[in-house]
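Engineer: Spelled out from the first residue to the last, the chains are:
2 protein chains.
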Amino acid sequence: MTNEGVHADQSTTSGAGAPPPPASAGPGTPPPGTRRPGGRTARTRAAVRDAVLHGLSDHGYPGLTIEYVAEHSGVHKTTLYRRWGGLEGLVADALDLAGEDTWTPPDTGSLEGDLRALARGVVDAFADESKAAAPTAFVAASFQSERAADALRAFYTERFSRCEAVVERAVERGEAERGTDAAALVRAVSAPLLLRLLITREPVGTALADQTAAMVLAAARAGAFASR
Amino acid sequence: MTNEGVHADQSTTSGAGAPPPPASAGPGTPPPGTRRPGGRTARTRAAVRDAVLHGLSDHGYPGLTIEYVAEHSGVHKTTLYRRWGGLEGLVADALDLAGEDTWTPPDTGSLEGDLRALARGVVDAFADESKAAAPTAFVAASFQSERAADALRAFYTERFSRCEAVVERAVERGEAERGTDAAALVRAVSAPLLLRLLITREPVGTALADQTAAMVLAAARAGAFASR
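Residue numbers (numbering that gives the first Met the number 0), protein chains in the order written: chain P, 0 to 227; chain G, 0 to 227.
The set of hints was computed from the structure by calculation and includes no laboratory data.
No false leads were mixed into what you were given.
Derived DEER-like restraints, expressed as beta-carbon distance ranges:
(1) P:E99 - G:R177: 46 to 54 angstroms
(2) P:Y80 - G:T40: 47 to 55 angstroms
(3) P:E128 - G:S226: 23 to 31 angstroms
(4) P:S160 - G:T156: 32 to 40 angstroms
(5) G:I65 - P:G112: 52 to 60 angstroms
(6) G:G84 - P:G62: 18 to 26 angstroms
(7) G:T77 - P:Y80: 41 to 49 angstroms
(8) P:S160 - G:R39: 50 to 58 angstroms
(9) P:S226 - G:S109: 19 to 27 angstroms
(10) G:D57 - P:T156: 27 to 35 angstroms
(11) G:T77 - P:S226: 56 to 64 angstroms
(12) P:G62 - G:G173: 50 to 58 angstroms
(13) G:E176 - P:R177: 27 to 35 angstroms
Note that the structure is a prediction, hence the values are computed from the model and not measured.
Glycine included, each C-beta is placed from N, C-alpha and C at the ideal position.
Just chain P, with the same shape it has in the complex:
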């Protein structure tokens, strides 16, 4: 898989509430001939981001070092310090970049279908260790770095904001009442899954995703998300 493939992965598999998985290809500078949009600066940023993701996945935030990022990105340590300030800045920028992907929420034609796809997307984003490593490491970093916590909040805020399109379409179709609290609704459909994945470390799967979607759908139909 080339580094271009990494970008493709991110726009298709990173569901609500899950920062994108790290490259499944090896870390390092893009191979010769790889093109990235945005020129040299964007290429450098993406290479550094890839190195940070791999470092977080392999060693976690406490084990991540500037030396590791320099070695795996091909970007000199002094450049890393000058442009990112240090490890906190590198992790925050990796999250910022993760939030700049083209992911959009599912559009299946019904609220039921969209909620189920959203919930299954969360499960899928953590389906195996290689996918789960980066989003888990970002959350771990947020407990040790204020800047990482701020970047994670910004990432989730923006990601959930995109998900609100699901509710807007449901209102247009007459499946949800105008004034439905979309922010609460889209968080409710991820929360029971993210609780188990990141806090209680309990198993999740398609059946739980579907049950969670059904819970939120039933509550929406009963008007439990009415804003006012």
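Please build the complex by placing chain G on the supplied structure of chain P, with the hints as guidance.
Structural biologist: Same frame as chain P, now just chain G:
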């Protein structure tokens, strides 16, 4: 406040999904005349637990040291190593001890009231920094220590299991169908709050707690938690 007060706090304020807050009194060995149930071993364990909670709250898991726990518990380092093995064992035992409290879920006479009290209890357990510090530190530790993660899972499993009494009583009163998935239901009422408190770091409050309780109640009434 004496160290006895710590115990009282734990049985009254530690809600679903929230390990108990640390003592608001200063850390250290119990003052002269303080009685703890269970004799000298239990007293030592509790003093060590208090020191671990304070250390986690003040410095987080990466900053916690055996020296800190020894100094603040009055228990010698060699005893700590011999009985707990090291820091991971100390954190895990503090969580185990937190799970041995007498907390029981609210019993207000209705499913609606119980769910609202459960949700508000989660908000209350993180209501200010001194309350939030220990449960947050335990989750942080779970990202860095497998033993802490296992102990946290055991704590939450047991805590949520106690919460299922709320559903059992609702079934007896005819407010919920027999076969309701109580495990899923009690997690659903905490999850949107814990997501915001521990992962997205978004504000929570009584209004959100009530909305979350209303969502779960509506879903339960619609049969969305039917086990089969």
